[in-house]
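S.K.: Chains A, B, C and D, in that order, are what the protein sequence lines are.
Here UniProt numbering is used: position 81 in the first sequence is 81, and no number is missing along the way.
Here UniProt numbering is used: position 285 in the second sequence is 285, and no number is missing along the way.
Here UniProt numbering is used: position 238 in the third sequence is 238, and no number is missing along the way.
Here UniProt numbering is used: position 185 in the fourth sequence is 185, and no number is missing along the way.
Each hint should be verified, as a subset may be incorrect.
Copies of one chain are not kept apart here, so a pair can be met inside one copy or by any two copies together.
Stated by the list, open to error - Result set (EDC-like, lysine to aspartate or glutamate): computed pairs, CA atoms no more than 20 Å apart in a straight line:
1) K293 to D266
2) K113 to D140
3) K270 to E157
4) K187 to D129
Think of the hints as simulated: they come from the structure by calculation, not from any bench.
None of the values given here were measured: they were computed from a predicted structure.
There are 4 protein chains.
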Amino acid sequence: MPRFNGNGSALGEGRMKSCWYEEEIEQNLRWCYALNGILHTGESKYQDIALLDTKPFGKALVIDGKLQSTEIDEFIYHECLVHPALLNHMHPKTIFIMGGGEGSTAREILRHKTVNKVVMCDIDEEVVDFCRSYLVANKDAFFDSRLELVINDARAELERSEDRFDVIIGDLADPIEDGPCYQLYTKSFYESVLKPRLKENGIFVTQAGPAGVFSHTEVFSCIYNTLRHVFRYVVPYSAHIPSYADTWGWVMASDSPFNLDTEEMDLRIKQRMAGENRYLDGNTFAAASILSKAVRKSLAKETQVYTEGSAKFIYGHGNFRKNRSGLE
Amino acid sequence: MPRFNGNGSALGEGRMKSCWYEEEIEQNLRWCYALNGILHTGESKYQDIALLDTKPFGKALVIDGKLQSTEIDEFIYHECLVHPALLNHMHPKTIFIMGGGEGSTAREILRHKTVNKVVMCDIDEEVVDFCRSYLVANKDAFFDSRLELVINDARAELERSEDRFDVIIGDLADPIEDGPCYQLYTKSFYESVLKPRLKENGIFVTQAGPAGVFSHTEVFSCIYNTLRHVFRYVVPYSAHIPSYADTWGWVMASDSPFNLDTEEMDLRIKQRMAGENRYLDGNTFAAASILSKAVRKSLAKETQVYTEGSAKFIYGHGNFRKNRSGLE
Amino acid sequence: MPRFNGNGSALGEGRMKSCWYEEEIEQNLRWCYALNGILHTGESKYQDIALLDTKPFGKALVIDGKLQSTEIDEFIYHECLVHPALLNHMHPKTIFIMGGGEGSTAREILRHKTVNKVVMCDIDEEVVDFCRSYLVANKDAFFDSRLELVINDARAELERSEDRFDVIIGDLADPIEDGPCYQLYTKSFYESVLKPRLKENGIFVTQAGPAGVFSHTEVFSCIYNTLRHVFRYVVPYSAHIPSYADTWGWVMASDSPFNLDTEEMDLRIKQRMAGENRYLDGNTFAAASILSKAVRKSLAKETQVYTEGSAKFIYGHGNFRKNRSGLE
Amino acid sequence: MPRFNGNGSALGEGRMKSCWYEEEIEQNLRWCYALNGILHTGESKYQDIALLDTKPFGKALVIDGKLQSTEIDEFIYHECLVHPALLNHMHPKTIFIMGGGEGSTAREILRHKTVNKVVMCDIDEEVVDFCRSYLVANKDAFFDSRLELVINDARAELERSEDRFDVIIGDLADPIEDGPCYQLYTKSFYESVLKPRLKENGIFVTQAGPAGVFSHTEVFSCIYNTLRHVFRYVVPYSAHIPSYADTWGWVMASDSPFNLDTEEMDLRIKQRMAGENRYLDGNTFAAASILSKAVRKSLAKETQVYTEGSAKFIYGHGNFRKNRSGLE
């Protein structure tokens, strides 16, 4: 034991900054958190799973080397994913989640008193078991009697099912070509599989990938454009999520118009929901759904649609800056 | 020359990912860009300066190991800093910049046709010379006859000066205790030095540090609160800046009300400004000035004021997550 | 759970390379191991302790952010520290270890059948407890009846003790100025405290810090020179330790001559020791004690002696490259 | 320019530690140098080239993301590669270098007064031009009239040539399967191409990859074993090279015995060579050619031979720790 840190590190500082979690946000861009510990690791048929204890963001769920959500800011992602759609619906009772095995999406849905049934359909049983065991904040949700857990591919399940839902929520990985979820973002999937499973006035909402000034061209603009070909009313919105080191996007779609104003949204939050939101209220959503000029222009010009047969070209992960013509 | 990279790196890939710029955004959180090159380095009496060629963000100006602005997204910061204040003013003719030696703030101001005089007051002549030499996008601004460059401490210059300005812009480093700019953010400075140098209906705007869901407690909320003690109308707003890995904040203040609506802002942009904005228009500003519920609540509760004598306690850089009681 | 690693990482690859242990070997030089896990962490009155599971080196003991030893190559350090001195002694029966709380030094000593008493004197009880609990390879050593554990400062213990030993072994942190162990490397300590506790023909050996072509000027040459002022016969030797990213040094000293040849060393290994060495035999030691021309010349010119009062100047950790005059 | 480094970084410190060169020594193990600058970059038909200015090791030549040699310690590699073979030869006049485009190997050869012709045969003209332009220490060598530069594949050149040489030196990348140099390490190449180009009593020496306690199983042991099938006398030796973070190996081979002793080597250095060696002398070589017990045993057991047709299995880069049976 011959070695001593003479670099003046105070007690308690040394160990802490020695261990790091590192992620390539995109090629050429890294994001690193100091670690307190590696709490649990596991492996499923499909993926590697880890629960880390990070210094800047608390506990962090990592799947296949990609951060999924962190203790201190997952509320932003999940409040934005769930509440705008449920609040815009007159009386959401039955909800279907594509993916969502982490449990946080179900937890937020179950705060809505109108809801009496939530189907969470995730393909990866080990991930669900891992999250149920280790994510304390979602414990109650996993044991809520209104939650029905299905282990299946979401497409297969929706094809098989004869139920119809008030709200369907896409909590899936991005539509990367050759990725596991591409088939769940195509025009034909939305038209022939998903839409028939929505009740009248039903609403579909999906996470829609990075939505930053540059990164929105990766998948956000294309998900938005694809949904415009399928639904009459489509609302894209976004919020900055610190642990993702980016602004994130969601798209909400329906054949009924969205005309909830700020005050009415605040009122429904008060009347229908248990607990208090940390991030979202009427004003927050109003701002989130006004995109910046740069993103707005870009979305308006988007022509790409996700289709099954062709899949001609999908903006590749990390390539978006090549498409920034006009920005330099 | 015995060593060969057998890891399957394609040609052109190897070199590129070998060199990295790394910054500790805060303690325990690192942000790293792959480098193409280190273009220029220099040293002033006060600071180290470098112009890097980064892969993800193009050319990047770094001062004392802290990224200042990058080629591909500096427009977000500078459009947000300059245009809301100038557009809200009826007819801005004379502008004073505290700091701004990079030249980008002057460049944006000079796009306003009403402006006939811009005083840029930066303490660091070498930084100004470095930027004038190397930042191609700001070349024209540095040679514009309306620009008057003063090398001085901004406080000393404002104390000495007898001129009054339509708009004063703070483009300074954050008010870190013992940092070089703390004195330019205090209540007494605003009251006794800055405000007397504003013309009637004059507007002050300052960059105000990180404004993310957590990071706004570092300095943003306190700058906002300090200005509320000095001006009758105060507008905080924010935008996500990819290269900063955070949402950034600005605060605009005046004794005259801000009542420009979205359409009128768009009209003034068209009438008064040369060239086209990339980021900012009426809608973008409307959204930028609606803070999220989390930040809004926190700003409303802020009691700290930057004062000269006391400087009791300033939320330290990197400590903000300790103040997140209630969020866990 | 929206994010997917589209970078083509195969299963099992993603997670593994996300977590890293990082150490600044010296200022400007970093050494990073991929991690499988953080097995145990602890804190003592003096130090932070961690047992990591690293991919390249197996389990690794880290104290105050400085790697101490790793499962797969600690045998190099410990065989080199212990066996040359014990084998050079005619019949080593009693051994005193200054430091050594990890237990590996004791483990190697206890392989010598001549030994009937080992005193391990470490100041940090928590480190000893931590290692006894978690370092499986040293379990037997900690429970060997010949081992006597003393929790005390080694200097105080040697001053207090009236015993004399055949071999004294220094398994301490480097003599960094203001570091915890500086007092255990000075000329006066060696003369008045340590030497009186050696029996006739007794041998002292100490770890002596980095001994690379450049790094030997940090402490190795000075420890060597200090011992030359105290003992008649002094033998410096070195070996490359992969996990340290450097060649390491030891110095053996006595007032009796060292005249064991290669064959005799091999014979004594066979006769006196249980188990088989992995790294050290007669030839290995012969090569280890022939320093390269660069290091030999530098040691011959060394004039610095560690003294208590003066401690004028000690080559600072990480500064050694400044002393490389003549090498450029 | 809003951002200030409040982390207490002293002047001159900030910039310096922001930019890093990073290399994966092997999978799961990284080695990082702080950078002062990126001096030159280039691209050849085959490879990317860069000359970096590193803080810990001075100027560093990097090819395809792999460090080749650094200003402050390249002398170790090149003295070890060149001098033992030339000194063991009775009167070396003509030398052939396979590879060596960097120029340092030629530089060391040209220090031998007996030498009247050096053929440097490198396949990559741009690398040679790059090094000739930028590596100041090798300027004289490149302009020495005894140097003959050939741009060709070394195998093709040796097949084509009718000259015979006193010493042939392999300064090539490691024999990685599918790598560019594998064909220059096979038994049949040595037998049918290389050996016929050696004069009587001629000596062949080659760099032989990492030779650390674990890493020697990558290629060192197999190069050694292959040469044992081709030459009567084969001498493996090694030295720690700080900038490589490893011990490096070379193998020298001939059909005449090597029986130069320590004193005779020192004498020949004095008589035949211009300038003074920094690293190598008789004693240094004596130690370098005594491998540690661990490596010696492993080399003795090596059965793999590099062959052209079969190339069954080559210890993969980074996999060596899997072959460490018996070490755990």
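S.K.: Next step is simple, just say for each hint if it's right about the structure.
M.R.: Each hint tested on the structure:
no. : hint         : result
1   : K293 to D266 : between (27 Å within a copy, 11 Å between copies)
2   : K113 to D140 : within (15 Å within a copy, 61 Å between copies)
3   : K270 to E157 : neither (34 Å within a copy, 53 Å between copies)
4   : K187 to D129 : neither (32 Å within a copy, 55 Å between copies)
Going down the numbered hints, you'll see the structure goes against 3 and 4, while the others check out.
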